[in-house]
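Visitor: Sequence:
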Amino acid sequence: MRITLEEPLNLKETLESGQAHRWRQIDGKYSGVIGNVLVHIRQSERTLIIDSSSTLESEDFLLKYLRLDDDLEHIYAHINKDERVRTMTERYRGLRLLRQDPWECLVTFICSSTTNMKRISLMVENMSNYFGQKLELGEDIRFTFPTSEDISNTDEKTLRELGLGFRAPYVLNCGKKVQAGDLDLNTLIKTPYTEAKEQLMSLHGVGPKIADCVLVFSLDKLEAFPIDVWVKRALTDWYFPNQKPPSNQDLLVWANEYFGEYAGYSQQYLFHGRRLLDSKPTD
DNA sequence: TTCTGCCCTTGGCA
DNA sequence: ATGCCAAGGGCAG
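Take 146 as the starting number for the first sequence in the working numbering and just add one per residue.
Just to be clear, a hint being listed does not mean it is correct.
What the hints assert, rightly or not - Derived DMTMM-like pairs (lysine to aspartate or glutamate); straight-line CA-CA distance at most 20 Å: (1) LYS279 - ASP295; (2) LYS157 - ASP216; (3) LYS322 - GLU294; (4) LYS321 - ASP300; (5) LYS174 - ASP196; (6) LYS157 - GLU235; (7) LYS302 - GLU270; (8) LYS322 - GLU343; (9) LYS389 - ASP373; (10) LYS226 - GLU368; (11) LYS209 - ASP246; (12) LYS354 - GLU340; (13) LYS174 - GLU158; (14) LYS174 - GLU270; (15) LYS279 - GLU294; (16) LYS209 - GLU151; (17) LYS354 - GLU402; (18) LYS335 - ASP215; (19) LYS321 - GLU306; (20) LYS389 - GLU368; (21) LYS209 - GLU161; (22) LYS279 - ASP196; (23) LYS322 - GLU301; (24) LYS209 - ASP196; (25) LYS263 - GLU158; (26) LYS157 - ASP172.
Note that these hints are calculated values from the structure, not bench results.
I would like the entire structure built from these sequences, with the hints used as guidance.
Guide: Right, here's the structure in full:
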């Protein structure tokens with residue numbers, strides 16, 4: 146399948162900005178699993194070239210995942226409040242938020258606690274390889290992400306053996322609650338931000354940061370503004386220098402006021418930009 | 001009520 | 001080689 150892009154998209158920055166952790170590069174293409182489909186995707190200028198393990202009904206599947214329905218020019222106009230953000234939105238122009246599956250997003254970000262992006266991928270791949278269904282595309286073999294049923298039927302020991310460490314009981318508990326119907330993730334898309342955040346934070350292992358990740362990366366809450374160590378660094382270095390760093394709670398209130406309804410987009414550009422500032426040129 | 005310090009696991013990296 | 005760091009959160013005080 147080929148998709149001609151009408152709107153700006155930078156596939157590389159989008160898939161490598163730490164939102165989703167199942168994308169890997171294989172000779173110039175990105176390999177990833179979306180739902181129960183293994184996808185190979187490559188961007189050439191204004192064209193996306195896509196191969197998949199099963200026939201895609203329509204291109205809407207990818208348009209939705211890549212949030213190509215977001216009007217980036219409109220969003221840039223809102224979040225370009227200063228030179229810092231303007232620099233990032235120009236440097237990484239076309240970086241989009243993704244619209245991920247809420248369950249997968251929740252489990253993945255519970256796993257993100259006190260670890261790094263490579264290790265998050267490791268945990269996610271370990272769980273998928275262990276629980277998931279096999280998908281093949283050419284020589285590439287990947288597995289679907291475990292369902293809440295898969296997780297609810299396993300035990301803490303198994304999850305620890307898959308490398309989750311102290312996060313294992315959090316993921317297990319989360320699977321059991323979702324499977325039991327105590328938390329309906331898919332209806333949270335229609336729930337207002339504050340209430341949806343409260344519901345997510347009622348889960349063990351889910352605090353403000355992880356809740357905001359799930360809200361902005363899978364539940365269409367573009368005002369959510371996850372504050373991790375990198376965003377905290379970006380904000381304290383660039384907006385509150387030479388003073389005692391404000392608390393995360395205060396930063397969150399400030400960011401929502403300053404950046405407005407698309408704060409989540411500004412967060413992604415600040416995160417990505419600040420992180421690459423400390424990485425090696427070869428990275 | 002809100003803030004602080006400590007603990008939890010372990011792979012990656014210098 | 002060995003200590004530090006990593007898209008945090010729970011808990012006690």
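Visitor: Look at each hint and say if it fits the structure.
Guide: Hints, verified against the model:
| no. | hint | verdict |
| --- | --- | --- |
| 1 | LYS279 - ASP295 | holds (15 Å) |
| 2 | LYS157 - ASP216 | holds (19 Å) |
| 3 | LYS322 - GLU294 | holds (10 Å) |
| 4 | LYS321 - ASP300 | holds (11 Å) |
| 5 | LYS174 - ASP196 | holds (10 Å) |
| 6 | LYS157 - GLU235 | holds (15 Å) |
| 7 | LYS302 - GLU270 | holds (17 Å) |
| 8 | LYS322 - GLU343 | holds (15 Å) |
| 9 | LYS389 - ASP373 | holds (17 Å) |
| 10 | LYS226 - GLU368 | holds (15 Å) |
| 11 | LYS209 - ASP246 | holds (11 Å) |
| 12 | LYS354 - GLU340 | holds (15 Å) |
| 13 | LYS174 - GLU158 | holds (13 Å) |
| 14 | LYS174 - GLU270 | holds (18 Å) |
| 15 | LYS279 - GLU294 | holds (17 Å) |
| 16 | LYS209 - GLU151 | holds (14 Å) |
| 17 | LYS354 - GLU402 | holds (18 Å) |
| 18 | LYS335 - ASP215 | holds (18 Å) |
| 19 | LYS321 - GLU306 | holds (19 Å) |
| 20 | LYS389 - GLU368 | violated (26 Å) |
| 21 | LYS209 - GLU161 | holds (18 Å) |
| 22 | LYS279 - ASP196 | holds (17 Å) |
| 23 | LYS322 - GLU301 | holds (15 Å) |
| 24 | LYS209 - ASP196 | holds (17 Å) |
| 25 | LYS263 - GLU158 | holds (16 Å) |
| 26 | LYS157 - ASP172 | holds (13 Å) |
Hint violations for this structure: number 20 only, all remaining hints satisfied.
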